[in-house]
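Student: Here is what each chain is made of, one letter per residue.
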Amino acid sequence: TQLLEQSPQFLSIQEGENLTVYCNSSSVFSSLQWYRQEPGEGPVLLVTVVTGGEVKKLKRLTFQFGDARKDSSLHITAAQPGDTGLYLCAGDPSSNTGKLIFGQGTTLQVKP
Amino acid sequence: NAGVTQTPKFRILKIGQSMTLQCTQDMNHNYMYWYRQDPGMGLKLIYYSVGAGITDKGEVPNGYNVSRSTTEDFPLRLELAAPSQTSVYFCASNELAGVTYNEQFFGPGTRLTVL
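Protein chains in written order, with this note's numbering: chain Z, 1 to 112; chain W, 1 to 115.
Looking at chain Z on its own, in the form it has when it is part of the complex:
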């Protein structure tokens, strides 16, 4: 069974601080996605990384895919209260069924 483990599970920081969320597995994924979910809503895709070692930036968010395509990280610079939410990583095991393996999520709270 392929698993994705996220850490930390909960993070509470002050506005302006930096943070990193990790997503680790012992399995290889053809691609990895990061979703953000706000209370009462469904997850929304932030980014997809597909190449080992790939780095993508989305404003203050930096996403990295591990060289071996088994892990990923999300780094937020100068966090703002609007960044508050649940961050989920999801891996594509390339089973051609479209199924994704989700991590358990990281709840981020950014206090003003």
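Since the hints were derived computationally from the structure, they do not count as laboratory data.
A partial selection of chain Z residues facing chain W, derived with a Cβ cut-off under 10 angstroms:
#1 40
#2 44
#3 98
No residue lacks a Cβ here, since even glycine has one placed at the ideal position from N, Cα and C.
Assemble chain W onto chain Z, guided by the hints.
Tutor: Positioned in the frame of chain Z, the structure of chain W alone reads:
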């Protein structure tokens, strides 16, 4: 485009009751999924479908059934509700063709409580 819509938004059931959670997408996606999300947790796949008339079990299918008679609709049926089925249910869809790299589009969820 409305995207993925789900009804109802909230529901309270008594133990043993049955209900159907509705999911409709207007993006002409072949692939559709049902997930459940327990508090503070990620998403667990219940059932999925790769096209009309084709469904298959996910990670946690027990206590649920699905059908896919059209491309647009993918209802989830609970036959004998149990407290363990208290959760938030999300429907999602996607299309693997092209360069979408398996992005899934989610509905707003149905919050179900079984008492």
